[in-house]
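Asker: The listed protein sequences derive, respectively, from chains V and X.
With my numbering, the residue at position 106 of the first sequence is 106, and numbering never jumps.
Just remember that my numbering sits 118 ahead of the position in the second sequence, which is counted from 1.
Hints are computed from structural coordinates only; laboratory data are not their basis.
This one's a predicted model, so the numbers in the text were calculated from it and none came from an experiment.
Watch out, some of these pointers could steer you wrong.
[As the list claims (entries may be wrong)] Estimated spans, in silico, between C-beta atoms of each pair: (1) Ala36/V - Thr577/X: 22 to 28 Å; (2) Pro73/V - Lys578/X: 20 to 26 Å; (3) Gly520/X - Asn45/V: 34 to 40 Å; (4) Ser2/V - Lys528/X: 22 to 28 Å; (5) Lys44/V - Glu551/X: 31 to 37 Å; (6) Asn45/V - Asp449/X: 49 to 55 Å; (7) Trp328/X - Glu115/V: 52 to 58 Å; (8) Pro57/V - Asp443/X: 43 to 49 Å; (9) Ala36/V - Ser432/X: 46 to 52 Å; (10) Ser37/V - Arg530/X: 24 to 30 Å; (11) Ser432/X - Ser37/V: 46 to 52 Å; (12) Glu115/V - Thr577/X: 24 to 30 Å.
[Stated by the list, open to error] According to the in silico footprint, chain V covers these stretches of chain X (three or more CB under 8 Å from chain V): (13) 471-480; (14) 495-501; (15) 528-535; (16) 540-549; (17) 565-572.
Ideal Cβ positions, reconstructed from N, Cα and C, are used throughout, including at glycine.
Listed below are the residues making up each chain.
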Amino acid sequence: MSKRLLMIDDDDLIRETMEIIGPDFGIEVITSGDGASGVLAATKNQFDLILCDIRMPGLNGAQTIAQILESNPEAKVLVLTAFPGDPLVQNAIVAGAFGVMKKPFEISKILGLLEAPA
Amino acid sequence: MTEVQILLENVRKTLEKSAGGERLPNSIKPPGEVDIPAYVEIEVVSPMSALGHFYPAVGTGSLLSLEAVYEALERLNITNGVLHPRIKSAVQKVNLDRKVLSGIEIAVGTDAVAPVPEHWELQRELFERRQKLDETILSVDFKEQSPFVMVKEGDILGLLVDEKSGFDGRDIFGNTIALQSSLRQLPVPGANVGVQGAVCRAETDGCFRWDPPVFQVDKVLVLGDVDYQTGNINFPGDIVLNGEVAAGFRIDAKGSLFSARSINVSIVQCGGDVIARQGLIGNGESFINAKGSIKAKFIENIEVQSAQSIEILSSCLNCELKSLDSIVLRDRSLLMGGKLLAQNGISVFQVGSERGTYAELAAGMNYEALDKVVELRDQSIHLVGLIKEVERRKKLSPAMAGDLDKAREKLRKEVAKLNELSQSWVDQIDKREEAKIVVRGTIFPGNLIEICHVSTVITKPLKRVVFSLDKKRGVIACAPI
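Bound-form chain X, shown alone (with noise of 0.2 Å):
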């Protein structure tokens, strides 16, 4: 008698005991209905998985053995990955209630596991706390710049995993399955994450980047106010001001500077963007420098210089703004006052003012150059002011004619290296000559455009129009746009 009959027997007498010594029917049968064993049907649902579906006995049928469930088993050749208690457990629930088990998973195959070396596993909070900048004053471009994900000195950015070996799988039929290689790309420390024991931490203040496979924090210097407390600011990163800089103060970042609210400018040097959500404002000799682009909302006399991009949301008063890509000046803005220099052109809506205030808008050159050949004019301008001095000794001084002579020489010499020398920029200079100006709202009498050194002066106002350079006839067109 196996373990279940056994068990069916202690059933009934206990059932019979409680009904009185009455003796029960082996089976419940419906009248003329024939005796069926009990049975199980396997079904392979693929290599790694078989169901096993369980039929009761019906009248004085047998009961489900287990021995039957396993020669099923056998005869499909289903030898790996048998899930014994479950069989169990289905033959005596079949046994006792009489009831169709169908679907039981009772064969499972093993996957094969790729090996896993020691690794570095980031700190999952890390990627949770995202700081999101306001991003409904100024749109252009900030989703780039936002996402910081900020960390203090010490935070702990991975704890070391223990390496887990792998190993081959199998089928339930016994075949084995072979592990491959994990293509998991693993973290890897980079800059300014300090490895202590088993846990990587941040080395320094800064922006935490997944780059994978290395994880690293840039150097990003968040600051309030900068004034006499903080002093001038020079860092080796990113700089985000949360604060106002008081006049008169230097910032000089590597990378670049973000900047919440106005930022009194005195002398700015950037590697990177400057990004002014409100104004930058100067005091007539202030500077900005950036090897990115400029982006704010409205500037005030300052002179700029990017390597990028110029885009201004408002307004633009008095600034000489210099950009070897393009100067924008968005949506409804004012320009008044300076001079605009962008060597692929500019688009502005309104230029001064039927009061007067007369800017400049140049396209199409290269401002280093320009810039260039102006510093060496000015030099050959200087040393012409040193001949005239030397000419007037000669009539003052008749006697030292033969070394002011000398001297004379010698500095028309100079002139002379310095022309040379302008020659090689003024090639330079004159880039893009199909550079444009857009203008999109009015452009008042007074003002300058000048593409490729081809210049005019507007003598009135002018709506909705775009300069060009004709060059067959060496003069500004002007179209409507």
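Pulled out of the complex, with its shape left as it was, chain V reads as follows (with noise of 0.2 Å):
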């Protein structure tokens, strides 16, 4: 069975070459380009990973990850950035972010981290 994964970030580049190359690892991807939505696919849906960016419009990344993970604790979710530093990711981890990935996204870490145990 497939691992399912959940990329919220406004790039929208990045959200299609996860969609493409994420069949091809064994992974179903499903996108959403801003916090809000992505919270709403996350509260609705099971996934074995969620990719967040940490600076988007509306809701910012440590926001989304919040609000994710008050409705399910359970949640995997790692935060995406480019600036690992950047204060909003500090925050996004006392959320309760499982741990952070370099943008644009490492294939390898995903794998890792959908073999992983939950």
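Please assemble the complex out of the two chains, which come individually in their own frames, going by the hints.
Answerer: The structure is reproduced here in structure tokens:
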């Protein structure tokens, strides 16, 4: 059974790339272009891993992650950022994010985390 | 009358003359003492040596004769190596002085001598001119690299010595001692050593090396400043830098690079180690790749890749250090910004500061595989961008739909190929799940810790902690040292 991944990022190219290459690695990829729709998708569906960009218009990544974890504390959410030192990343970690991934994405890390125990 | 007796008689006559013709007694004998003739005792110390103990005559006892000594030797079957002049001298002395002569070696055997073929004899002075580097600044493993014996092209390294034949030995009894072949290793000329008749010379400037039985010259380029006068350096051996490197110059060494001063790095490629007693300074686009280890006092604004370990003594500012072994920032070193990635673990002192500046510390992963996956990902993203462009044109030109669909399908297949390739590299990334990141001082908030793809960001200052991978929970564990 393929693993399910939710990617929340306002960058179209990154989302579409993930949508195209994900299935090649046996991953079903769902994408959201902003924090609010990401929270909605995460609340309605079960995902093995959620990637959430930290700098987005509207809800930022830390707020998005906080809301996702509020409705589903078991969700495995990873912060997607080009700058791990960004203070918003620390907020996201404090809110319960599972870890950090450098943008645009790290396929090896995604595969590793999907194989790791929940 | 023997020769000695004649001599003694002559001496006596001379003495009588000097005493006004008064006749001297034949011997000085204490009253009541018997007359004893002179004699010799022979002591065989070993089959290779015999000693003679000579005793003078007492009273009117007869003097010692050479014949008596030889008879004594013959009785002991001592037939070889008899030291005739020494015996003659001893006999004369004991008869004249009338004092005991003890422990005179009178027969000695001859050792067997092994044959020595024609061979090269190395110049002794080569071993007396080791150039020592200053080890006070960076003591780490310098001893292994420092004992250079530098030679210049044309320096004489060895001279040809003629063949010497060997022969059997013989003990004092005449028994043969068979010769044995020599175990001595004879020098053999190696790389960069030229033979000109009976002389061996260095064919290049370099480092003399005696690795028995081979002696050779390792090419070493000793440089002052590297600048517009020297141009970029490309050398098939070790390089010793005693000057400074002007910004923007490239250094390629098949061997190692040693620097006494700071190196302003543009691009450095090394087949061996890179050792800088001062610092390695870059401009943000600088790059060092070494198949050996890298050691420096400090390092700034450089991307560094090492197939072995990386050791920094004082500070690492805004660098990307990648090692297939470990990265160690020694003593009270400071890590500010940049990224450290070491397969077998990292040890640092202070990471970041209260004012910000964040670094990434990643362990357990193979950077070569990681870089390859990132490269393939970037290619995939580029191809996906092209697919998007094809789709956009398809909307604008429905008449071209057929051709554009074919193009899209072709691009899609390429992406699939890249992903397949990427998958094979992904499997090689996580190498050591037990790798640890040790912080001996303080790590400040904002710094990223990652072990085998599991990561976290520090949210509060932590002192003297070790980070490891909690495989069961799939998280980074933090414990005090």
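Asker: Just to be sure I understand the hint, the distance between the Cβ atoms of Gly520/X and Asn45/V should be within 34 to 40 Å; is that true here?
Answerer: 37 Å, holds
Asker: If you check the beta carbons of Pro57/V and Asp443/X, does the distance land in 43 to 49 Å?
Answerer: Roughly 44 Å apart at Cβ, these two residues keep to the hinted range, so it holds.
Asker: Taking a Cβ-to-Cβ distance below 8 Å as contact, does the stretch 528-535 of chain X have at least three residues touching chain V?
Answerer: Coverage by chain V holds for the stretch 528-535 of chain X (3 residues, Cβ < 8 Å).
Asker: Given the hint of 24 to 30 Å, check if Ser37/V and Arg530/X actually sit that far apart at their C-beta atoms.
Answerer: Holds: the Cβ-Cβ distance is about 27 Å, inside 24 to 30 Å.
Asker: Looking only at beta-carbon atoms, does the pair Lys44/V, Glu551/X fall within the given range of 31 to 37 Å?
Answerer: 35 Å, holds
Asker: Is 46 to 52 Å a correct range for the gap between the Cβ atoms of Ala36/V and Ser432/X?
Answerer: 49 Å, holds
Asker: Closer than 8 Å Cβ to Cβ for three or more residues is the test here. Does the stretch 495-501 of chain X pass it with chain V?
Answerer: It holds: at least three residues are needed, and the stretch 495-501 of chain X offers 3 whose Cβ sits within less than 8 Å of chain V.
Asker: Honestly, do Pro73/V and Lys578/X meet the 20 to 26 Å range at C-beta?
Answerer: 22 Å, holds
Asker: Are 3 or more residues of the stretch 540-549 of chain X near chain V, judged by a Cβ distance of less than 8 Å?
Answerer: The restraint on the stretch 540-549 of chain X holds, since 6 of its residues have a Cβ under 8 Å from chain V and three suffice.
Asker: If I claimed the Cβ atoms of Trp328/X and Glu115/V lie 52 to 58 Å apart, would that claim hold in this structure?
Answerer: For Glu115/V against Trp328/X, whose Cβ atoms are near 55 Å apart, the range 52 to 58 Å holds.
Asker: Could you tell me whether the CB distance from Asn45/V to Asp449/X stays inside 49 to 55 Å?
Answerer: 52 Å, holds
Asker: Count the residues of the stretch 565-572 of chain X whose CB lies closer than 8 Å to any CB of chain V, then report whether that count reaches three.
Answerer: holds (count 6)
Going through the hint list in order, the structure satisfies each hint without exception.
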